[in-house]
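Enquirer: Residue numbers (numbering that gives the first Met the number 0), protein chains in the order written: chain A, 0 to 263; chain F, 0 to 441.
Source of the hints: derived by calculation from the structure; they are not laboratory data. Computed from a prediction, not measured in an experiment: that's the story for all the values here. Errors might be hidden in some of the hints.
Derived pair list, reagent style SDA-like, types lysine to any residue, alpha-carbon separation capped at 25 Å [as the list claims (entries may be wrong)]: (1) F:Lys266 with A:Lys123; (2) F:Lys51 with A:Ala91; (3) F:Lys51 with A:Pro127; (4) F:Lys51 with A:Ser5; (5) A:Lys123 with F:Ala96; (6) A:Lys123 with F:Cys318; (7) A:Lys185 with F:Val326; (8) A:Lys123 with F:Val326; (9) F:Lys51 with A:Tyr120; (10) A:Lys185 with A:Ser100.
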Amino acid sequence: MSMDFSWIYDVPPSRLALLLIVVFVGFYWAGLILLRPILRQFVKNTRNANDIIGYILSCFCVFYGLLLGLIAVTAYQGVSEAGSNVTREAAALSALYEDVSRYPEPYGQNLRWLLRDYTRYVIKYAWPLQQRGIVPEEGTIRAEAFHDRLLDFQPRTPAEEILHAEAMRQLNHFLECRRMRLFSVKSALPASMWYVMILGAVLTIAMCWLFDMKFITHLVLGGILSAYLGTMIYLIVDMNQPFRGDVSITAEAFETLYRRMNED
Amino acid sequence: MATEDTSFLPGPRGISRRRAIAESAAATLAAARALSPVLFVGCSLGIRPRAKTVPVGLLHSQTGTMAISATSLRDIELHAFEQINAAGGLLGYQLEARAPDPRSRPAMFAKRARQLLEGGVVAVFGCWTSTSRKAVLPLFEEYRKLLFYSVQYEGDESSKYCVYGGSVPNQQIMPAIDWLTGPDGGAKKKFFLLGSDYVFPRTANFVAKKYLASKDLRPAGEVYLPLGHLDFTAAVQQILSSGADCVLNTVNGDSNIGLFQALADAKVDPAKLPVVSTSIAEDELRNLLPEQVQGHFAVSSYFQSLDTEANRRWVEGFCNEFGSDRVTGDPMEPDWCLVHLWKAAVEKAGSFETEAVRQAFRDGLEFAGPGGTVRLDPKTQHCTKYFRVGKIRADRQFDIVHSSDAAIAPDPYPQIAFPGWSCDWTKDGITRGSEVSINGDL
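Let the hints inform the model, and build the full structure from the sequences given.
Expert: Right, dumping it as structure tokens:
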């Protein structure tokens, strides 16, 4: 049974960061108090235990740091690619709008209206759904309505034929970008990555519990390390879904286009 | 040399382990207590509670032959919902529009309607053609939900689960004949009845024939062509050879493009042979070439050019939201009124439940719409309507050349065509008269 953590995206970013830091530091401190005496039994008779633990921990942290770094890059690339698709879709929509503006009336006006309607839908209805991780469906109807109406047009002159061919090309490009945007609504890191990442964090913390040092020093140093781990996890959580969280894609490209469409 | 940390060992050099644990536990508990409102209470994390929503269905063709007209109904409904939501919603709920595409196919209307009803919508605003309405009405009766239908139609129908916002023949077809046969309309005598081949045109023309007969007039001809048909050359030749002096046009959808093209090709002069359309509004005019339609007429309850402050504000609001080149028309205005009548009923009932909403109809509801005040007649669940005649201008708008003095009460069963039939949903529902055959010859 999978657990639903989607509520995390409804928490304001600063509070989510604080929450994760508190959880990680709290976990470290709790373990330090409750588990450390038990875990210390494994190494209590080992000479230079701190050195050995420190050496293993640094090796472990290299791999874990590498993993976190790669995951963060993957998550960022996901956001970045989705952002590029959105920009490309808006650009294709803009080019298409320009193309159909050259169509003879009443086709030109009807086609412009349909594109405006699509853009308005994306801004007002699709985006809020995407921000909740839901793939908006009714935009497809609007895109189909435009496609149907565009196919109704029969060019009568060579100039219209060229224009129509270009509009069809732009339409295909636009539909491709649109499909990519919809695919990216639910794109996220696979569960296995999360398991490895969380396990890595727990093991890092568990290794730190083994150190032999002053209690207060333990609390402070371990707390700092845990806080940073929490911050890293926050960053990855925030970038996990391209349309959710603080690091997410906005509808700005469409909003700018819609303003221009209405100015025309 | 490394020294062993003995701070946790009992003895004079450090605090005791027990004490350390106790103090740490106390500190942790204190921290947990301080942070618990943040950790365990969702709202303290700043999660804004999601607005409660109630799903409402919008069942309009967005592709296919009727999309040209029906899409604007979806838009005006969305506009109304957005305004209601911005003002705080309805009974504390935000209206969530669900608008699937029935693709102008009656079978798809039934399929989509069932999906909406099974999806839990509280009401549905939808349909354009009578064929589509008749395809979905049994479902609304089965699920006991309300369908709000805003398009002018043929009458001869009344469903407990349908609220009709458009004109019926006694509010549109019959006053149109009165106007055409009167001095202002040119005292016409030879009516040619031209329509799309489905329920509305055939029934509307049945009523028209009965009404003409009551004036000792007979139609000069009657032709029906399939919905979506575009070649009207032969039909226009029939009109010309019939000697008709006016055409009562009940053609729907983008077939009107073909009709007016054929009329223009045949060089029909609107001054001599005016076409009076029942299903052409400003939205349809944007697809017709002005030089082909200028001078012809449309009969309707509302035109965008209506010169009232309420109408100007409404048109401005719609254009601000959807684009300055968008237009309003009939049945957009009745549709707007229907949404607000439903809102008033829900507020009065304090519930979205169908029976409670229907109960709220009983006392009579009124709404001051852009085209004038409409009243929902609880007996028929139809609305009072103004009757207006518009002459098509070159700018794709209408000059209103005639307007009824007051709103006309609805009669879905005009006795001239459906003797003995009536309905009263505050009492026994439909009273059946003798069976009437619509498809009789001239």
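Enquirer: Look at each hint and say if it fits the structure.
Expert: Now the hints, each set against the structure:
no. : hint                   : in the structure
1   : F:Lys266 with A:Lys123 : violated (47 Å)
2   : F:Lys51 with A:Ala91   : violated (36 Å)
3   : F:Lys51 with A:Pro127  : holds (15 Å)
4   : F:Lys51 with A:Ser5    : holds (18 Å)
5   : A:Lys123 with F:Ala96  : holds (12 Å)
6   : A:Lys123 with F:Cys318 : holds (16 Å)
7   : A:Lys185 with F:Val326 : violated (38 Å)
8   : A:Lys123 with F:Val326 : holds (21 Å)
9   : F:Lys51 with A:Tyr120  : holds (21 Å)
10  : A:Lys185 with A:Ser100 : violated (34 Å)
In this structure, the hints that do not hold are numbers 1, 2, 7 and 10, in rising order.
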